[in-house]
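Asks: Sequences are here, hints too, so could you generate the full structure?
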Amino acid sequence: MIKNKTSEKSYDEIPYPSKSFALTQPDHLNAVLQLFGFFAEKISSARVLEIGCSFGGNIIPFSIANPNSYVVGIDLSGVQIEAGQNIVNFLGLKNLNLYQKNILDYNNEFGFFDYIICHGVFSWVNKEVQNKILEVIKNSLSPNGVACISYNTYPGWKNMDILRDIMTFRADLLKKNGQNIDNSNIVSYGKGAIEFLRNYSYLNETLKDMAKNVLEKSNYYIYHEYYEEVNQPIYLYEFNNMLSKKGLSHICDSEISKTIPLYQHENINMEEALSNECGDDSIAKEQYYDFIYNRQFRTSIITHINNKNNIGISKNFKIKNLENINIKNSRNFDYVYKEIQEYLEKIYPNTITIKELKERFSTNKNIYLEVLDLIHNKQVSIHSEKFILKKEEKPKIKSSWLKYIKYHIKTENPVISFSTKWGANYEFSDLELNTLLLFDGTRTDKDIFDILKTKFNNKEITINKENLTDVQANNELNSFILNLRKIVEIHGFNQ
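In full-length UniProt numbering, the protein residues as written are 1 to 495.
Just so you know, the hints here were simulated from the structure itself, not pulled from any lab data.
Possibly wrong hints are sitting among the right ones.
When the alpha-carbon atoms are kept at most 30 Å apart in a straight line, the in silico DSSO-like pairs for lysine-lysine are as follows [what the hints assert, rightly or not]:
1) LYS455 - LYS465
2) LYS394 - LYS346
3) LYS406 - LYS308
4) LYS394 - LYS94
5) LYS127 - LYS94
6) LYS390 - LYS346
7) LYS315 - LYS245
8) LYS212 - LYS175
9) LYS410 - LYS396
10) LYS378 - LYS42
11) LYS320 - LYS42
12) LYS396 - LYS365
13) LYS191 - LYS19
14) LYS19 - LYS258
15) LYS338 - LYS328
16) LYS191 - LYS308
Quantities reported herein were computed from a predicted structural model and do not represent experimental measurements.
Replies: The following block contains the structure:
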């Protein structure tokens, strides 16, 4: 994270595990902007900067999948950068480097970038640092470049402020009364305050639901979200005012439904009122949506303000902008448009362009509307590049992904999540990770089965089912292997 000195100390003492975030991935950002007629640089050879990269967990998978890209991560935390660069070195990645940098001292020394990511930083730094982040983006973003910044937003965070206030109030009160409150117990006391609020307050049910959600979060998340010295939520219109002063503009949210909340099934009266009020001011309309839907978090997609005239933010998408976007079934089996979704499920995980889909279902006059509705409802994912499943008799995981797996095997408490190139995070058992290593191009599924069956017979591994017959045990092992093979192929670990 890019923080002040106080925050640097807190992030060194209580490291935040570094995960991948799908909404910040260049492939996704590129595809979202294509919907609105803006075409950023192709990702395979893109230059990418992450501000506040932590251990590098969000950009390492991208770097593995795109060896011709150039990727830089910067962070104030020396502890996290050193550990992250050690991972990069272990993986043998030549296209990724992590640097300890105070953003206030950054002087565009790494040149221009096609994509700049700043996730989980902006709300947790002071105004000076916020303005410097925007200055760095403005000065480092290529003419056709795209940035994304995530931040806590109002009005949703007005409720969260109450929860934060009671947690910090209790900690301060207990300290005043002589209690020893430190990083090891402050979250537990905070949870106690939230539980008290849920049980006895007359607050509305929405806030009580939010309180319940907080209690379900991990301790490290609660600490950094609610106990950091700085946490400054901001309205979208205020955020865009800051951008415009730097020659930048919010274009849309990485989560499309936050920019266009209702696609097919809109409230006509509401939409007419907003159109009359806001006209062509897309920022004003989005701000009203935030009030209506009580938004508390955003991931803004940003570019130079002079690019905005070339981008049409409207639910009236142009067919020419849609045609080359790749879509893929999201495995959501709520079939709204059965014909399309059954076909997408049939070809999964392959992508297909919307143009190709239109050609296949040429008699469907509503194909574009139906696909847009599926995109809006997250029933399909969108991608800037085509993906075709690679089937092999002896699957061979790419060497850099094999090293990535080995890192997670050898590290008792990994500081980065196991993520795919599209930003999906996985949790694997030791057995699953070690079995994945067997997909090295020298073994068939039968060969892997023989290895696992020997281990099972020698009681080196077990199956969590009792009284299995030999046939049932074999079926369990084969199913286990098949599932891992699918993971390898579906996520392109063998490409």
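Asks: Each hint should be assessed against the structure and marked as holding or not.
Replies: Now for the hints, and whether the structure bears them out:
no.: 1; hint: LYS455 - LYS465; verdict: holds, 16 Å
no.: 2; hint: LYS394 - LYS346; verdict: holds, 23 Å
no.: 3; hint: LYS406 - LYS308; verdict: violated, 44 Å
no.: 4; hint: LYS394 - LYS94; verdict: holds, 28 Å
no.: 5; hint: LYS127 - LYS94; verdict: violated, 35 Å
no.: 6; hint: LYS390 - LYS346; verdict: holds, 15 Å
no.: 7; hint: LYS315 - LYS245; verdict: holds, 27 Å
no.: 8; hint: LYS212 - LYS175; verdict: holds, 25 Å
no.: 9; hint: LYS410 - LYS396; verdict: holds, 21 Å
no.: 10; hint: LYS378 - LYS42; verdict: holds, 23 Å
no.: 11; hint: LYS320 - LYS42; verdict: holds, 18 Å
no.: 12; hint: LYS396 - LYS365; verdict: violated, 43 Å
no.: 13; hint: LYS191 - LYS19; verdict: holds, 24 Å
no.: 14; hint: LYS19 - LYS258; verdict: holds, 23 Å
no.: 15; hint: LYS338 - LYS328; verdict: holds, 15 Å
no.: 16; hint: LYS191 - LYS308; verdict: violated, 44 Å
Going through the hint list in order, the structure does not satisfy hints 3, 5, 12, 16.
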